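Protein chains: 2
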Amino acid sequence: MKDVARHVGVSQATVSYVLNDTVDEHIPEDTRERVWSAIRELGYRPHVGARQMRTQRTNLIGFVTDQIATTPYAGAIIKGAQDAARQAGKMLLLVNTDGIADVERAAIETLLEHRALGIIFATMYHRPIVLPPALREVKTVLLDCYVEDRSVASVTPDEVQGGHDATEALIKKGHRRIAFINNADPIPATFGRLKGYQQALTEHGIPLDQSLIRTVAADSSVACYDSTLALMRPASRPTALFCFHDRMAMGAYDALRTLGLSIPGDVAVVGFDNMEVIASALHPGLSTMQLPHYEMGVWSVQFLLGATTDIQGGDGPIQKVIRCPYIERASV
Amino acid sequence: MKDVARHVGVSQATVSYVLNDTVDEHIPEDTRERVWSAIRELGYRPHVGARQMRTQRTNLIGFVTDQIATTPYAGAIIKGAQDAARQAGKMLLLVNTDGIADVERAAIETLLEHRALGIIFATMYHRPIVLPPALREVKTVLLDCYVEDRSVASVTPDEVQGGHDATEALIKKGHRRIAFINNADPIPATFGRLKGYQQALTEHGIPLDQSLIRTVAADSSVACYDSTLALMRPASRPTALFCFHDRMAMGAYDALRTLGLSIPGDVAVVGFDNMEVIASALHPGLSTMQLPHYEMGVWSVQFLLGATTDIQGGDGPIQKVIRCPYIERASV
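If you read the protein sequences in the order shown, they are chains Z and F. Heads up, the first sequence is in our numbering, so the first residue is 8 and it goes up one at a time. Heads up, the second sequence is in our numbering, so the first residue is 8 and it goes up one at a time.
Each hint should be verified, as a subset may be incorrect.
Which copy? The list can't say, so a pair holds if one copy fits it or any two copies do.
To be verified - Derived pair list, reagent style DSS-like, types lysine-lysine, alpha-carbon separation capped at 30 Å: (1) Lys9 to Lys146; (2) Lys202 to Lys179; (3) Lys202 to Lys146.
Hints listed in this document are in silico derivations from the structure and should not be mistaken for laboratory results. All figures in this text were calculated on a predicted structure; none of them were measured in a lab.
Construct the entire structure; sequences and hints are all you get.
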């Protein structure tokens, strides 16, 4: 390090700040560049072991997920977390575990060995989890998941508000016969969105009609296509349709077209997720509820770093719930 | 470590093997569990610094990407790499950089400081890159990208073969008037798939008709919708359509339906990407070319670990090219 400092003509402290990416010290970008090129030129490699033994701190945040990095649904969670980390001068180190317990354990141990400041444990969809034991030893935020006893801080989407606002968007356009194609899986999104749907109907004095509610397998666009056909019997046809997610809405679009029904003229459609590759590509564009993936990612990092002053409701670790905004396109 | 060994009743070597996840030593799962619970009970945390200074090796593979982890297009690259890493007893540590040079440099430095065995540098879509300088210092594989001077090993999809086989699948069903909606971006996929399209036509004695080729912005489903309408003028209507990617095919489907044309009865359609959320959800299911994302991920790790004996074509580091298989559904 002495050599690098001499080579560049700066103090050893400056070299150290650059090496440690210390954002608080205002080192000109120009100087940083010169330090880094001297490092490369002289072949100097700071040894993390030696360094950490002195400082016992790193700028790393561990991010452990079941399968967000490998699936197309929730990448914005990672984007939000990494943007917030970068903003704070930290780096997000990700491990995608497929939810295999051994791999989770090894990932957490590795991140702890490398002195991560804390760990964000994130799931691809909102669900309860069993906490990997090693997370009890470190500052942890659960992202898009929670433990049943609420003993660890978490951040999740407001499924009830989302279901409520989706339904209300339709009611506000004058619809009263609003069908709901729900997911068959017993997960928080299924229960929460149904509850929100019912609340919105009740608030607006619309009696619940069970015949307008169907449940289908979430990954079957065919089942959603068939359910839409069944719901659209001429005698009792609803004028609006709320679909559990955008992929289901894609199947519903096909069914409505097959029946010669126009969107939104004959039937208005609202989805959930705001999955861009689908919602903005459909004709007409799909109005939908946005899962607050990005915002949850941001919040989790800010909480971990102590940068958020969120008020805790009641006792125990904070269970943050974030609203799902309504994204209007042309299907309602 | 002595305490842990005594507590469990095993040798210190065994504790060390468990800590290091040494897969070669056949330590019963039962023993591993007991070691880990003793570690937790006794609050022992192995110090990676001390350990690494002795061994100078870790079981970590660095994976640096512009935005695969945060976008819905190429997650299978990470899945393939992580499966191959796991198979070899290694762990993939990911950093998603948004392609920001400073962040890339910091990510690579961090991974090197933590003694990663090597680094996989992966891009969301197939393209040439400027190599981050720090990668010259470490064993590196470029994944879904390459440097123009071919001075670093790489693995990329065979765009020409993909374009060829997509076109040939249509020719084999008897089509001779085959339109191609290509991407307007000057990237390898654009040039390669066009070349493959032309090769297949030539091989089958079909003259090239430039009026059947359109280029549109890759992210505009509206432009693809409009191009399809324009291509389908009754007097000169093609009987088949090859779309640059599945999202474009989604726009083409809409346009064909608007025109009252059936798929594949009036017009056969083939896409590219095999993006499951679209290709298998469309009605009829979309026949498409699969990008070998998973296979490229596997290959990159195996190459990094020296586990593949791929023959190198010519001089310089290997430039591996992997075939895109044809996935048949119901649109052809």
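Here is how each hint holds up against the structure:
| no. | hint | result |
| --- | --- | --- |
| 1 | Lys9 to Lys146 | between (36 Å within a copy, 28 Å between copies) |
| 2 | Lys202 to Lys179 | within (18 Å within a copy, 52 Å between copies) |
| 3 | Lys202 to Lys146 | neither (33 Å within a copy, 54 Å between copies) |
Violation of the numbered hints given earlier is confined to hint 3; every other hint is satisfied by the structure.
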